[in-house]
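Novice: Single-letter residue listing:
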Amino acid sequence: MTVPAGAYLVLSAALFTLGTVGVLVRRTALVLFMSIELMLNAVNLAFVTLARVHGDLGGQLAAFFVLVVAAVEVVVGLSILVHIFRTRDTVDVDEVDLLRG
Amino acid sequence: MEVLLFALSAVLSLAGGLGVVVARQPVHSALSLLVVLGALAVLYLTLAAEFLAVLQVIVYAGAIVVLFLFVIMLLHARTPETRPSPVGAQAAVAVPLGLALWVGLSSAALQLPARASRVPEGFGSTEAVGRELFGTFLLPFEVASLLLVVGIVAAVVLGSSPSSYERRGRER
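Chains as they are written, first to last, in the working numbering: chain Y, 1 to 101; chain G, 1 to 172.
The hints are simulated quantities; they were obtained by calculation from the structure and are not laboratory data. All values reported here derive from a predicted model rather than from experimental measurement. Check before you lean on any hint, since a few could be wrong.
Said to hold, decoys possible - Here are the in silico distance ranges between beta carbons for each label pair:
id : chain 1 : residue 1 : chain 2 : residue 2 : range
1  : G       : Pro96     : Y       : Gly6      : 20 to 26 Å
2  : Y       : Leu99     : G       : Thr126    : 43 to 49 Å
3  : Y       : Val43     : G       : Val11     : 17 to 23 Å
4  : Y       : Gly6      : G       : Val153    : 40 to 46 Å
5  : Y       : Glu95     : G       : Thr126    : 44 to 50 Å
6  : G       : Arg131    : Y       : Pro4      : 26 to 32 Å
As the list claims (entries may be wrong) - Which chain G residues face chain Y? A few, computed with CB under 7 Å, are given here:
id : residue
7  : Glu2
8  : Val3
9  : Val20
10 : Leu40
11 : Leu75
12 : Gln90
13 : Ala91
14 : Ala94
15 : Leu101
16 : Trp102
17 : Gly124
18 : Glu132
19 : Phe137
Ideal Cβ placement from N, Cα and C applies to all residues, glycine included.
Okay, chain Y solo, but in the shape it has when bound (with noise of 0.2 Å):
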């Protein structure tokens, strides 16, 4: 392992901080899941790093159950996405608002 493991926590929290902005800042509901998902991957790659830096599977195996339930997350979150399309005719999460107080 020639390059230190803090080049790839860094690059890692770097993806995760794009991620939170994306959510931050775009309106259209499936680019935020897209920005969701890259925050999962930032934190995968968190943890298999440090799987590495410790030589404990336990790491890599995190990274599998985040893997599995981000799938179930996308098909949920999705089929969600396209009933909202259904009966609102937008994905615009600003334009979502019937929870709004």
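Please build the complex by placing chain G on the supplied structure of chain Y, with the hints as guidance.
Specialist: Chain G only, in chain Y's frame:
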């Protein structure tokens, strides 16, 4: 060699991540996400996680991105973005906050002891991960399968009988 691979994948993944956030068309965002996922698979290989690298390509690039593209086809073929500016006034606040988050996370990450220990032969191979998965992590694995069943049932329920939902939507 490893440094070169890391630099290339890091640049590619950062460019892809930026593309996800700033791309005007959702399709371009999805394709940028594909670039990020591919670059991360390469990084997993350099970190001795072969099994996860293959899984990343199959599950993320193969299934999740295709699902995204499918939904984009379904929704956005008919509705072009009504308000074209994806990065609005919120960016003025979000970007500095994001930079602060990055600095904070990075400084926290650099505090960790970063000396890599030597790993045994076959670390991260399918056999090693499988043994761990069906040994120590058997219960979480079964719970994950339950979660997948819940996801399938939810997709079937949400996907079935669209006509009744459409009627209810019209009455509103």
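Novice: Hints first: check each against the structure and report whether it holds.
Specialist: We went through each hint and held it up to the structure:
1. G:Pro96 x Y:Gly6: 20 to 26 Å: holds (24 Å)
2. Y:Leu99 x G:Thr126: 43 to 49 Å: At 45 Å between Cβs, range holds.
3. Y:Val43 x G:Val11: 17 to 23 Å: Holds, at about 21 Å.
4. Y:Gly6 x G:Val153: 40 to 46 Å: holds (43 Å)
5. Y:Glu95 x G:Thr126: 44 to 50 Å: Between Y:Glu95 and G:Thr126, where Cβ atoms are some 46 Å apart, the hint holds.
6. G:Arg131 x Y:Pro4: 26 to 32 Å: holds (29 Å)
7. Glu2: holds (5 Å)
8. Val3: holds (6 Å)
9. Val20: holds (5 Å)
10. Leu40: At 6 Å from the nearest chain Y Cβ, G:Leu40 passes the 7 Å test, so the hint holds.
11. Leu75: holds (5 Å)
12. Gln90: holds (5 Å)
13. Ala91: At about 5 Å, which falls below the 7 Å cut-off, the nearest Cβ of chain Y leaves the hint on G:Ala91 intact, so it holds.
14. Ala94: holds (4 Å)
15. Leu101: Cβ of G:Leu101 sits 5 Å from chain Y, so the hint holds.
16. Trp102: holds (4 Å)
17. Gly124: holds (6 Å)
18. Glu132: Status holds, d = 5 Å.
19. Phe137: This interface hint holds because 5 Å falls under the 7 Å limit.
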